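*Asks:* What follows is the residue order along each chain.
Protein chains: 2
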Amino acid sequence: MDPRVRDHAEVLVDWSARVDAGDDVVVRVDEGAHDLAVAVAEALGERGANMLATYVADEIESAFVRAHDGEFDRDPDFEAEMLERADVVLSLGGTRNVAERGAVPGDKRAAYRKSRTGIRELRMDTDWVSTIHPTRAQAQQAGMGIAEYRDFVYDAVLRDWERLADEMARMKDLLDEGSEVRLVKADTDLTMSIENRTAVNSAASVAYDSHNLPSGEVFTAPENPEGEVYFDVPMTHEGARIRDVHLTFEDGAVVDWSAEVGEDALDDVFATDEGARRLGELGIGMNRGIDRFTDSILFDEKMGDTIHLAVGRAYDSCLPEGEEGNQSAVHVDMITDVSEDSRLEIDGEIVQRNGTFRWEDGF
Amino acid sequence: MDPRVRDHAEVLVDWSARVDAGDDVVVRVDEGAHDLAVAVAEALGERGANMLATYVADEIESAFVRAHDGEFDRDPDFEAEMLERADVVLSLGGTRNVAERGAVPGDKRAAYRKSRTGIRELRMDTDWVSTIHPTRAQAQQAGMGIAEYRDFVYDAVLRDWERLADEMARMKDLLDEGSEVRLVKADTDLTMSIENRTAVNSAASVAYDSHNLPSGEVFTAPENPEGEVYFDVPMTHEGARIRDVHLTFEDGAVVDWSAEVGEDALDDVFATDEGARRLGELGIGMNRGIDRFTDSILFDEKMGDTIHLAVGRAYDSCLPEGEEGNQSAVHVDMITDVSEDSRLEIDGEIVQRNGTFRWEDGF
Numbered sequence: 096m097d098p099r100v101r102d103h104a105e106v107l108v109d110w111s112a113r114v115d116a117g118d119d120v121v122v123r124v125d126e127g128a129h130d131l132a133v134a135v136a137e138a139l140g141e142r143g144a145n146m147l148a149t150y151v152a153d154e155i156e157s158a159f160v161r162a163h164d165g166e167f168d169r170d171p172d173f174e175a176e177m178l179e180r181a182d183v184v185l186s187l188g189g190t191r192n193v194a195e196r197g198a199v200p201g202d203k204r205a206a207y208r209k210s211r212t213g214i215r216e217l218r219m220d221t222d223w224v225s226t227i228h229p230t231r232a233q234a235q236q237a238g239m240g241i242a243e244y245r246d247f248v249y250d251a252v253l254r255d256w257e258r259l260a261d262e263m264a265r266m267k268d269l270l271d272e273g274s275e276v277r278l279v280k281a282d283t284d285l286t287m288s289i290e291n292r293t294a295v296n297s298a299a300s301v302a303y304d305s306h307n308l309p310s311g312e313v314f315t316a317p318e319n320p321e322g323e324v325y326f327d328v329p330m331t332h333e334g335a336r337i338r339d340v341h342l343t344f345e346d347g348a349v350v351d352w353s354a355e356v357g358e359d360a361l362d363d364v365f366a367t368d369e370g371a372r373r374l375g376e377l378g379i380g381m382n383r384g385i386d387r388f389t390d391s392i393l394f395d396e397k398m399g400d401t402i403h404l405a406v407g408r409a410y411d412s413c414l415p416e417g418e419e420g421n422q423s424a425v426h427v428d429m430i431t432d433v434s435e436d437s438r439l440e441i442d443g444e445i446v447q448r449n450g451t452f453r454w455e456d457g458f
Numbered sequence: 096m097d098p099r100v101r102d103h104a105e106v107l108v109d110w111s112a113r114v115d116a117g118d119d120v121v122v123r124v125d126e127g128a129h130d131l132a133v134a135v136a137e138a139l140g141e142r143g144a145n146m147l148a149t150y151v152a153d154e155i156e157s158a159f160v161r162a163h164d165g166e167f168d169r170d171p172d173f174e175a176e177m178l179e180r181a182d183v184v185l186s187l188g189g190t191r192n193v194a195e196r197g198a199v200p201g202d203k204r205a206a207y208r209k210s211r212t213g214i215r216e217l218r219m220d221t222d223w224v225s226t227i228h229p230t231r232a233q234a235q236q237a238g239m240g241i242a243e244y245r246d247f248v249y250d251a252v253l254r255d256w257e258r259l260a261d262e263m264a265r266m267k268d269l270l271d272e273g274s275e276v277r278l279v280k281a282d283t284d285l286t287m288s289i290e291n292r293t294a295v296n297s298a299a300s301v302a303y304d305s306h307n308l309p310s311g312e313v314f315t316a317p318e319n320p321e322g323e324v325y326f327d328v329p330m331t332h333e334g335a336r337i338r339d340v341h342l343t344f345e346d347g348a349v350v351d352w353s354a355e356v357g358e359d360a361l362d363d364v365f366a367t368d369e370g371a372r373r374l375g376e377l378g379i380g381m382n383r384g385i386d387r388f389t390d391s392i393l394f395d396e397k398m399g400d401t402i403h404l405a406v407g408r409a410y411d412s413c414l415p416e417g418e419e420g421n422q423s424a425v426h427v428d429m430i431t432d433v434s435e436d437s438r439l440e441i442d443g444e445i446v447q448r449n450g451t452f453r454w455e456d457g458f
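As they're listed, the protein sequences go chains A and B. Heads up, the first sequence is in our numbering, so the first residue is 96 and it goes up one at a time. Heads up, the second sequence is in our numbering, so the first residue is 96 and it goes up one at a time.
Since the hints were made in silico from the structure, they are not lab data. These figures come from a predicted structure and were not determined experimentally. Hints may be right or wrong, so weigh each one.
As the list makes no split between identical chains, a pair holds if one copy fits it or if it spans any two.
[To be verified] Here are the simulated SDA-like cross-link-like pairs (lysine to any residue), alpha carbons at most 25 angstroms apart as the crow flies: (1) Lys209 - Thr149; (2) Lys203 - Thr149; (3) Lys203 - Asp119; (4) Lys209 - Asp182.
Using the sequences and the accompanying hints, generate a full structural model.
*Replies:* Below, the structure written as structure tokens:
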């Protein structure tokens, strides 16, 4: 076994999920994640935890949902009771075909999803963490060979997380104390307010209320954007490729947009509702293990030397208690490369220049 | 997908487990049983059941048990509560390496098994059924290519079970009404009492209290055997191959034994305890889809045109209420071919001659 699989399992169990002896751990194993599941089982055995592996394969769910008449039982007891008693749920993604889910009629899939709302909530009430074991299907999606893709995944996952969490805490402090953010690069000069907002240090650990491995971003919920911004990192939204997006904000809302590829898809996004034209998120990617776009949001939005903005819904965790942030049915992340000829300012002070943070050498 | 996989799933769900709409079904998926799991998911969806797939891979269990300090929690709640609420548990065997379990120290494996006694009992309290999806590892164990092995498995599984159950009911009635059985063939003339014993019609369905697919045997608990018997079908006991066994019974117990291969292993069996020299089971194999020895007891003992006897422990289900049958730490099945030059008599009347039952053409 690639020794990095074992390292991945240890980061997942210790840093991310903080598993203790006696914990009841559900391990959700995707069909291509067998090897990681073996390594996780070994780590859980060493920690003296209890383990129950469930099998989460798109082919199985698709076959079940397609064959069903669509009147699904709500949150079946036997699964709910298992999750209610679980301390930790580890989801080991690893699909063998990223297109499998598309094979089910949308209305049936929606009905199935809806019937499982309570199951999902019970899972979210545990110390849950989602991660990905590299498969050929994902490598193909990312346009890489499997060896290259494994390097890519493990570079992203096997970080010095403690150190990165400390570094991200600096960025969180700056954002928490600041009032206004300004981003400047080619075709970009955007200001937005972050007054009274709280940033999240997403450090790939339940201890930071961060549930994805890899992670590595600090994000907050800005408002009242003014100016223009250019997103040069490709993106996929609902299956549509979108490239080279320009947005113009006036009085806090998008008033003009264009894209070299996929402008239709962008039109649809902005037609969704009023909130779709306002900002939901400002995220600073700080995981330098991720160095390229792979068309997987788990990785893309955490890329080092990138900044992303999302139009649409804002996260409650960034808002003052009781305050409602931007509401929308969508939350669409768009990423811009800040590695060259760029600056990020908070209250007029530069905190990141050409990708380098103010506390780093070479700033 | 081989259409027989779908047929297998339908036999399992409908004939064997009798799944109804709304049933909560746990599907235990072995690492090589993915395709059968997909077909089972489809069948469960069609019936309107609820499904939760668990992942049962020897490599995962071995990694967990090996890494653990051996002080296992007893029957963890989260798994127990799931099973307590489940109506049906379907175990889809399909190993990728029959030798995997041997890689764990015996004492740790024993401690783990012991810690899970309650979990096993909860599973046995459901309408559980175990079956096997053909894998290359099992084909190798059986000494066949995968295509040939698939034919072998589906010939055994895809029977007209209703008809076979009716036929087996005839044999059960004869055994239930009879007092003495006599088996005669080359080097064999054995009599035994079946007075007051109840035979089990093992028809591969929970409706018959039969939990293996395939099945296809009628068995009871004989006593007081007298005479000699020759077992010409090979067997494996605790990893040891045993061939061409001769046993001599006097006053109900084995007094002499020999084997062309593996006589040492036989010595160990008979040295276990007093009950190991007495009979625990007489079984009539009636599944003619199984036509050869494959070193898997799930198949071997159900072979058509064979009769098996087990030394050691008897099954309670064959005994009158409150009566204790033969007790022993072992239950070792031995199989004899009755297809030629043989007869099985009940109370002096021939019920099977050269493999043909009295109700069949050509008797």
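*Asks:* Could you work out which earlier hints the structure fails to respect and list their numbers in ascending sequence?
*Replies:* No hint contradicted; all consistent.
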